[in-house]
Amino acid sequence: MDTTQSEQSTQQPTPVPLLRTVVLCDLVDSTALTEQLGDRDAAQFMHRLDRQCRDLLARHCGREIDKTDGFLLLFERPIQAVAFAIDYQRLVYEFGQSEFLPLRARVGIHVGDVVLWENSEEDVARGAKPLELEGLIKPITARLMNLALPGQILLSGVAHTLANRAHHEFVGASQIQWRSHGRYLFKGVTEPMAVFEIGEAEIAPLRRPAHGGKAFLEVPWWRRPGMIAIETALLIAAVAVPVWVVLRSQPAIAFADRDWVVVGDLNNLTGKTILNESLENAFRLGLEQSPYVNVLSAMKTRDTIALMQRDRTQTRIDRAIGSEVAIRDGARALILPTVAEVGGLVRVTAEVIDPKTKATVYTESVDGKDIGSVLSSIDTIDKNLRLRLGEALASISKQSRPLDQVATSNLDALRAFSLGQHAYVTGNMNDALAYYQDAVQLDPKFATAHLVIARVLLNGSENSKALKEISRAATERERLSARDRMLVDAWQATLTSPNVALEKWRQLTNLYPDFFSASGPYAYYAWCANHYAEAIAGAKSNVAPQNANRLAGEYLLGILFLADDRYSAAVNQFQRASDAGFKRYDYYAEAFAAERQFERANDLLKQSKPSGIPADDLGTGIVQTAIIADQGKIPELESMFQSQEHEVENLGPLDKQRLRGIALGLRSQFGQIETRTLTEYAESSLQINTDNAIDYAQAQFYAAFALYVQAHTGDTKNAAKLLKTIDARAKELNEPTLTNLVLILEAELMRVGGHPDQAIAMLKPAIDGKELYITHLALLDAYASKREYANALSEANWLADHRGRAYAEYGAQQFMTAFNVVQSDLALLRAAELSQDLNETENAKQLLAKFVQIWPKAQEMPALAARLHTLNHRQ
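Heads up, the sequence shown is in my numbering, so the first residue is 31 and it goes up one at a time.
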């Protein structure tokens, strides 16, 4: 055969145009998504999404032609393409909701002639696509897709006609809405094209897309953009200019409810240093009374300056620096205060600056007779600023109090308070506390200073001292702003009446949603009470970029995801906090331990940096104890207990009792323990003397737990005797987790006393998602005692499957963590025994093998050896 013949034989046949439906899909802001998640996580995320999209494609008989961050697809019929597009938009929407991501897509559909050909294997090996598609239909479909809004599906007129004719074939057609958006002129296409939309109301925008770029809405010549611009210019010339000359409205900032402002450093031209920090903080205190205006905290302002690679303590917040801070943190305005002596008067001035242009938008000034008038002047300026920013006068009158009341008329006390604020912002807690105490010595009724002293003490877990300061602030309610009065009420309830505290925090955050000093504690105490849904909502609002303590909120959100058994989301959240500078890894380690990745968990614990607060740092040791117990390493556990006994001398009585109770709980599971020891522990817990409800509830919790363990061993006499005391105190406090634990104790006494049916009746109503982890253990025991093995097996499976909850439950400052995770392990052995009771021998073997795999030395534990022997013999 000659060369010519060889070449002719390898030529592809001439492609024939075919009438087909083409679909183009595109993810909106996919680049921003990759930047947010990082390359690796974004790639994994996109892979999972693409895999589900291809499942949809197969279901609707489509064919994939090309793939970037969206798809180029081919269908035989328009109705198939429409059905796929509806399902694809729903998939993208639900996928984004499940991952807390603003994920949306755009879709274009057109029908026309296409030219298709398949590339040779050699070309594909060189990087070509297996199938190529060309034709005018391709750019037209791209124009439709680019015109679409996020979440929108746009069809050409011909695609709409054919699809609408066959809409009865589409499942769920009654819930689908059609819209006509008029005729559009597309770049490169001579004739205008009718554009239609199809979609579901909750996902699709169902409104006309904005024209521009490469697509223009067909309108009469006199409504076209060029003519409208000319008409508008003529109208402005004829009307607007004379009106502007007559009225000359003052410049303004587009400020809305809950927008943010930055307060710059005071420009003090009087030479009197007592005014330096004092007036700046007075400006803040005045503006912070507003529920309309949000003031960026001094700490967050200084954090942003550090991110700008400037000295956070020495850099002055002037027009240039303040404007950059405002832009970075999403603030609408910068306020620069000035005080000067002019003609024998003290003039206080505030410039409101647009950070984008650095131009002064307007200025407020008030003159006073002497330095004693400055607080009154600031009051007037703050009121005028709030009016100019758009707040209603009625709101200002209702919410605001004079500064000499909400702060102090004593300028020396105000200066001491301001120096304390500066020390607090720079992280010097000891100096901050000293300055705040100086302020209340100078003005004992300075309620705001008492409140911030309590804040410092609470950070150090000195709850009783904090309660005294909160009580002093509460006695001077008239010296507090409306917001701070609610804050004092919430803290006072937390420290005295836990039964109403969570509702107080909820009310405060509802009224002041951007008040991070409330949303943070609300999320934290909701977690403490096992109100996980509320806690997650509060934590999400607390991680706003304007919050100086955002990282603590990010970390708490990771804990809550872990408690919800969302391991991947928890790890991502902890890593996000770590990348941003949060270096506590206790719960981060637990996220890996919950999936039995113990080496990674231990590596993280080694990296965790102490906070310097003994009660806080105690948590690292508790996590280490839980991880060792989770692996059944009894010798190491005993060694740790002995080590802790020599290291607790610097701890308070409550923390000592916490460590001792953890050890007693674990020893009760791994070997014999004298019930007398449990009785002594419960009695000593009940005798801990404290005047705040947080510590008091924890002491009662420790006692109730010891009595539950004692009742479980069969010694019900002492447990029943002390139950009356604990039950009375629990009812007095009405703290949710303590109430739950007392219920568990009562049910256990019923079960051991021969009434498992009554125990079940008591426990089942408590299973509402907010219950303590060991509620399921008590219910398991009750079902087993009643020989309801199937129900008992269900509870055992729950315990084994919810290891995230076992690790992340607050449980009176991690008191229950180690005990919980051991129950998640022993639940496998219980499940094996229960499966054998149900004659499910094969399942029992598998569960037993799994238990022996995670606890290989279980045979060496006297408490477990007999059970293992019996189970092996029964099999």
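These aren't lab readings, by the way, just hints derived from the structure by calculation.
A hint or two may mislead.
Claimed, not checked - Heads up, simulated DMTMM-like pairs for lysine to aspartate or glutamate below, C-alpha to C-alpha not over 20 Å straight-line:
id: 1; residue 1: Lys413; residue 2: Asp442
id: 2; residue 1: Lys413; residue 2: Asp289
id: 3; residue 1: Lys302; residue 2: Glu371
id: 4; residue 1: Lys386; residue 2: Glu354
id: 5; residue 1: Lys97; residue 2: Asp153
id: 6; residue 1: Lys495; residue 2: Glu354
id: 7; residue 1: Lys413; residue 2: Asp287
id: 8; residue 1: Lys570; residue 2: Glu533
id: 9; residue 1: Lys475; residue 2: Asp519
id: 10; residue 1: Lys887; residue 2: Glu668
id: 11; residue 1: Lys97; residue 2: Asp80
id: 12; residue 1: Lys880; residue 2: Glu870
id: 13; residue 1: Lys302; residue 2: Asp333
id: 14; residue 1: Lys816; residue 2: Glu762
id: 15; residue 1: Lys751; residue 2: Glu710
id: 16; residue 1: Lys386; residue 2: Asp359
id: 17; residue 1: Lys302; residue 2: Asp442
id: 18; residue 1: Lys754; residue 2: Glu713
id: 19; residue 1: Lys217; residue 2: Glu148
id: 20; residue 1: Lys663; residue 2: Glu713
Keep in mind that this is a model prediction, so the values were computed, not measured.
Results of checking the hints against the structure:
For the hint linking Lys413 to Asp442, the alpha-carbon distance of about 24 Å lies beyond 20 Å, and the restraint is violated. With a CA separation close to 17 Å, the supplied pair Lys413 and Asp289 stays within the 20 Å bound. Between Lys302 and Glu371 the alpha-carbon distance is near 10 Å, which keeps this suggested pair within the 20 Å criterion. Pair hint Lys386 plus Glu354 holds up; C-alpha atoms about 8 Å apart against a cutoff of 20 Å.
Between Lys97 and Asp153 the CA atoms are separated by roughly 18 Å; this keeps the pair inside 20 Å, and the hint holds. For the hint linking Lys495 to Glu354, the alpha-carbon distance of about 40 Å lies beyond 20 Å, and the restraint is violated. Between the alpha carbons of Lys413 and Asp287 the distance comes to roughly 16 Å, so the proposed pair stays at or under 20 Å and holds. A hinted pair counts as satisfied when its Cα atoms are at most 20 Å apart, and Lys570 with Glu533 qualifies at roughly 18 Å.
With a CA separation close to 17 Å, the supplied pair Lys475 and Asp519 stays within the 20 Å bound. Pair hint Lys887 plus Glu668 holds up; C-alpha atoms about 15 Å apart against a cutoff of 20 Å. Using a Cα cut-off of 20 Å, the hinted pair Lys97 and Asp80 holds, with the two alpha carbons roughly 9 Å apart. Taking the CA atoms of Lys880 and Glu870, the gap is near 16 Å; set against the 20 Å cutoff, the hint holds.
Simply put, Lys302 and Asp333 have alpha-carbon atoms about 28 Å apart, too far for the 20 Å limit, and the pair is violated. The straight-line distance between the Cα atoms of Lys816 and Glu762 is roughly 33 Å, outside the 20 Å bound, and the hint therefore fails. Taking the CA atoms of Lys751 and Glu710, the gap is near 13 Å; set against the 20 Å cutoff, the hint holds. Simply put, Lys386 and Asp359 have alpha-carbon atoms about 12 Å apart, close enough for the 20 Å limit, and the pair holds.
Restraint check for Lys302 and Asp442: the C-alpha separation of about 12 Å stays at or below 20 Å, so the hint holds. A C-alpha spacing of about 13 Å is found between Lys754 and Glu713, which places the hinted pair at or below 20 Å, so the restraint holds. Of the supplied pair hints, the one linking Lys217 and Glu148 is violated, its CA atoms being roughly 30 Å apart against a limit of 20 Å. Of the pairs offered as hints, the one joining Lys663 and Glu713 is violated, with about 30 Å between alpha carbons and a cut-off of 20 Å exceeded.
Comparing the model with each numbered hint stated earlier shows that hints 1, 6, 13, 14, 19, 20 do not hold.
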